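A.B. asks: Spelled out, the chains give:
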Amino acid sequence: MSKILEDLRYADSHEWVKLEGDIATIGITDYAQHALGSIVYVDMPEVGDEVTQGEDFGAVESVKAASDLISPVSGEVVEINEALEDEPELVNQDAFENWIMKVKVSDPSEIDNLLDAAAYAKICEE
Amino acid sequence: MKTYDKLIFELSKPGRKGYSLPENEYKTDGLSSIPKDLLRKEVADLPEVSELDVVRHFTNLSSKNFGVDTGFYPLGSCTMKYNPKINEELSALPSFTNLHPLQSEKTVQGALELYWNLQEMLSNIAGLAEFTLNPYAGAHGELTGLMVMRQYHISRGDEKRKKVIVPNSAHGTNPASAMVAGLEVVEVKSKPNGSIDVEDLKPLLDDSVAGIMMTNPNTLGMFETEIMEIANLVHNAGGLLYYDGANLNPLLGKVRPGDMGFDIMHINLHKTFSTPHGGGGPGSGPVGVAKHLVDFLPNPRVVKNEDGSFSIKSEDQSLGNISSFLGNFGVMMKAYAYILSLGKENIKNVGPLATLNANYIKESLKDDYLLPIEGVCKHEFVFDGLKDKSTGVTTLNVAKRLLDYGFHAPTIYFPLLFHESMMIEPTETESKETLDEFIDVMHTVAKEARENPEVVKSAPLTTIVRKLDETSAAKNPILSYRSLKANAK
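Residue numbers (the working numbering), protein chains in the order written: chain A, 71 to 196; chain B, 154 to 642.
Hints are not guaranteed to be accurate.
[As the list claims (entries may be wrong)] Only pairs whose alpha carbons sit at most 35 Å apart, straight line, appear in this in silico DSBU-like list of lysine-lysine:
hint	chain 1	residue 1	chain 2	residue 2
1	B	K315	A	K73
2	B	K342	B	K542
3	A	K172	B	K315
4	A	K88	B	K542
[As the list claims (entries may be wrong)] One-sided excerpt, in silico: chain B residues whose CB lies under 10 Å from chain A:
hint	residue
5	G168
6	T326
7	S543
8	L549
9	Y566
10	F567
11	T624
12	A626
[Unchecked claim] To spell it out: a stretch of chain A is covered by chain B in this simulated footprint if at least three of its residues, at any positions, have a beta carbon under 8 Å from a beta carbon of chain B; those stretches are:
hint	stretch
13	108 to 116
14	130 to 141
Quick caveat, the hints were computed from the structure, so don't treat them as lab data. Here the structure is a predicted model, which means the values were calculated and not measured. For glycine and all other residues, C-beta sits at the position ideal for the given N, C-alpha and C.
Pulled out of the complex, with its shape left as it was, chain A reads as follows (with noise of 0.2 Å):
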């Protein structure tokens, strides 16, 4: 059973965010890591870029396949997890810990489109 953070948001397409203030942390699920096995890149945005809610930002790819990053919120991007450019595989032991971009949001409410963890949990079961 993969783990669930109580107190995150998420988006249908597997990527966590907790929002501190006008600041969004985003990574991928531990389901996701878990379904895509061994990862061996992380194609991550650059800072300043803007993104925005519903589309791609980035790519993780892995021994089985290359997937999309879609952005739960819109915004700029201030900060990247440097760490995962030589150490991928991070997201495969804490997908939690192991963030992949932080967001300056430009609109908070947008992150009431989002899935609490108790429907997050029904996704992962169907």
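Assemble the complex: chain A is given as a structure, and chain B must be docked to it using the hints.
C.D. replies: Quick look at chain B alone, frame taken from chain A:
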């Protein structure tokens, strides 16, 4: 020599040669006449080996090849059918192999006639007006076909049409080819059975749509029953329909893409028409078009003159050249031999036999393997891994274990619609005995997974190299002897 796994560089001994030359009776080695800046500064790092070293090396390596000639190869979506040896015999005829593409037309009439006849046969099979045989491979055909699509819209002054609709279950080459052709990819969702969701398609069809790319049967081996409605919708919106020929095999001689409303298609001669595939090849990806698109086909083209002779022509409206000369001619000869040896009547048996074989395996294995889409499939189908998920044995484990039993693994982890995809395509050329052997082994592996999962998880056990470290291979690829040496340091 069962365990032989050396690189030819590792056999190298300084000074060892595979030849002996008479003493040089001239005063010069010839190098002094070449300008200094054109000479290399270091001696090339070539292996120094004897003739016998070379012969043994490559003979031993060749015995490690796995191909359709050595065993069953159920690689879904690849149509790894048997390549009849008569194809090789005919394509090796010196009267063809000794031709040069720059010879004058009147000395290569036979070759041009073969080209013209083959494109005519493919046009009949596809229900389209004309084919170019110039593209070198499937993805090259896709690119060429999309360039025709683009050229068509531009010729009508409708330059805003850049959207290409691709199902989310499509082969990865479809969106890739569209991007390379300078078009934009829009995904259309599939229904649970893998066919296109018509309701999801409708809102995408505006005046920026260039066309849609489809396979039929789709990636799950199911026939797109709503194809006529899809064709009407796309055509009414001003778009074109592109048929990816990857899954043409089950329809061969029975159903014509042109009759389903497709305007452009490519055929993989190396899949459907039994020319070598995979590590062999080379491939060939002829592109066919409906009547209103013929003028946009790439140059050069072979035309039949009124007096029955053949000429090579270039047309002004064409999208231009996409290959040198007329493509991979040797491959065309093999496909031509295949069509002629089967004949009009027998070519119609290819699809039904491929379909029967696929359904036989599917029904025989669905007690142990999870079949997400019930119903009669065409030439291939997808399992979502083992039915019993409690053992922790994955599709990758099963694939590796099959190698121990002497079978090539099926396509795994594609399509992405399921987590543990296993895509099986037996092709029409396998006997019931071979299919039964495969079915038995698949049942054995499922039983091992229940009773002794560690064996399956640690497979392969009998191959020369055991389970490969795919993560390191993807992160730190060592692709040459030079980088192997550098890495060892």
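A.B. asks: Would you mind marking each hint as holding or not holding in the structure?
C.D. replies: Hints versus structure:
1. K315(B) - K73(A): Violated, at roughly 42 Å.
2. K342(B) - K542(B): Roughly 27 Å separates the two Cα atoms, so the pair holds.
3. K172(A) - K315(B): This hinted pair holds, its Cα atoms lying about 33 Å apart.
4. K88(A) - K542(B): The given pair, whose Cα atoms are some 32 Å apart, holds under the 35 Å limit.
5. G168: Hint violated; G168(B) Cβ to chain A Cβ min 42 Å, cut 10 Å.
6. T326: The hint is violated - T326(B) has no Cβ within 10 Å of chain A, the shortest such distance being about 14 Å.
7. S543: Check failed: Cβ of S543(B) comes no nearer than 13 Å to chain A, outside 10 Å.
8. L549: 8 Å, holds
9. Y566: This interface hint holds because 4 Å falls under the 10 Å limit.
10. F567: 8 Å, holds
11. T624: 4 Å, holds
12. A626: With Cβ-Cβ at 8 Å, under 10 Å, it holds.
13. 108 to 116: holds (count 3)
14. 130 to 141: holds (count 5)
Violated hints for the displayed structure, listed by number in ascending order: 1, 5, 6 and 7.
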